[in-house]
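Student: With the hints as constraints, model all of the structure from the sequences given.
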Amino acid sequence: MFHSSKPYSAVTAQIEVLTSEQYEVEDSSGIVDLIEVVRIQDTGPTEASRALRKKLKYGNLHRQLRSLTILDFLIQNTGDRFLREFADEMLLERLRIAATDPVSDPLVKQKCKQLFGQWAVSYKTTPGMERVAGLYRQLPKRKQPASQAKAKVLRESGTSDEPPMGHTVSISAGNGPSTVVGGSKSKSKAKKKEKEKEKEKERERKFRERSFNLEKEKPEILQTLASSSVASTNLLNALKLVNRETHRVSEDAEVLNRFETCKQLRRQILRYIQHVESEEFLGSLIHSNEELVTALMAFEVLDKSVDYDSDSDQDVLESGWNPDKYDVQESFAGLSVNPPKPPRPPRPMSLSVPSSSHRVIPHDDDSDTETESDTESDDDDENNPFGDRNAICTPRIGTSGPTWREV
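Going by the UniProt record's numbering, the sequence shown opens with residue 1, and the numbers climb by one from there.
Because the hints were derived from the structure by calculation, they are not lab data. Hints may contain errors.
Below 30 Å or equal to it, Euclidean Cα-Cα: the simulated DSS-like pairs (lysine-lysine) are [claimed, not checked]:
id, residue 1, residue 2
1, K201, K218
2, K109, K218
3, K216, K199
4, K113, K124
5, K109, K57
6, K57, K111
7, K240, K57
8, K124, K109
9, K216, K263
10, K189, K201
11, K199, K189
12, K57, K218
13, K113, K57
14, K201, K263
15, K240, K113
16, K240, K216
17, K111, K124
18, K263, K218
19, K263, K240
20, K240, K111
21, K57, K124
22, K201, K191
23, K109, K240
Tutor: The following block contains the structure:
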């Protein structure tokens, strides 16, 4: 389910070990080795960002808290290159969701808000960290994982098991679209039948109101309220125990059993809300319905995380999220499009041109070449015995015979 072509190196392997239960939440041992590995590898910051993001998304409570601790240590100690490359939009959005989503554990929310405040103070003026420093005042920018108005589990639990009133017949001619018509062919008969259906529905509603006796239903209402509170809590606890790194929550038999129990209890709660007008029970019924909705929505969000809560780039593009003006300015803070030109270097000093007497005169190939004269100022010094001014001219071609004189 979670196989990917992304790199899996020592960075991901060490994060897998450091987020396990053998380390305490605030334990810093082993993170120093991870920091060195992240510094050595070219893809270290991006791989560490992805691995920590996956732990925040799929890990249990302990792994989520450990990933936040490791991320804080990396930000403080890894260096400028990590600060420039780790904070991609996918990690930032996962941090926002962890801090604000109702499904997140309260301990995770508390730690996120604590770290967001520290980062806002410490990295407010650090280049490249403007978006991280602004996390404490931002909400999730992408579409919500699921909407209650479109949630499938709420539609299923809110539907009644009673058969619908009346009937319709669907006919189609050839390959054309199907057309739904009433049981009667005549328009007048159709109107008459529609009025009869409305009267029948009204009679049924009045009958249900007369048949509902609050005094008789009171023990059952109290039992349903107690069962609803227990069922919603049990479902949330069961969802926390599922290892979402290996399988989905809908594959767990215990979770499915508690999920169906919550759906059945919500149908009963909605039925009581429609008939009960007493303030003694109405507030408790509404509160129980909200608890059941929270548990059912948590199941749908965690089960369909790939569709509703994906961290992929494609999901960010398809979500229709457009950054507002403030976010654009904050993202490009410190960026200069037309930086000022650097000052011109100073003009080089004029070089001394050697005189014509010091130039090397080329000779024929068969002649000896004179040594090149030095153009330094030391050559003209009177106190320099090796200067050119003290050179002794020797004949180019020596005379034949001995070079000494007899006395």
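Student: Within a Cα-Cα threshold of 30 Å, do K216 and K199 meet the stated pairing?
Tutor: holds, 28 Å
Student: Are the Cα atoms of K216 and K263 separated by 30 Å or less?
Tutor: holds, 24 Å
Student: Would you check the hint for K113 and K124, treating anything up to 30 Å between C-alpha atoms as holding?
Tutor: holds, 16 Å
Student: Hinted pair, alpha-carbon criterion (30 Å max): K111, K124. Please report holds or violated.
Tutor: Holds: K111 and K124 sit about 19 Å apart, inside 30 Å.
Student: Verify the proposed pairing of K109 with K240, using a straight-line Cα cut of 30 Å.
Tutor: holds, 15 Å
Student: For the pair we were handed, K199 and K189, check the Cα-Cα distance against 30 Å.
Tutor: At roughly 15 Å apart (the allowed maximum being 30 Å), K189 and K199 satisfy the hint.
Student: Starting from K201, check that the Cα of K263 is at most 30 Å away, please.
Tutor: Given pair K201, K263 holds - Cα atoms ~26 Å apart, limit 30 Å.
Student: What's the verdict on K240 and K57, does the C-alpha distance respect the 30 Å limit or exceed it?
Tutor: Holds, because 12 Å separates the two Cα atoms, which is no more than 30 Å.
Student: Does K218 sit within 30 Å of K263, going by the straight-line distance between their CA atoms?
Tutor: holds, 21 Å
Student: Is it true that the CA of K113 sits at most 30 Å from the CA of K57?
Tutor: Distance of about 17 Å is within 30 Å: holds.
Student: Within a Cα-Cα threshold of 30 Å, do K201 and K218 meet the stated pairing?
Tutor: holds, 26 Å
Student: Under the criterion that the straight-line Cα-Cα distance not exceed 30 Å, is the pair K109, K57 satisfied?
Tutor: holds, 13 Å
When each numbered hint is compared with the structure, violations occur for hints 2, 12, 16.
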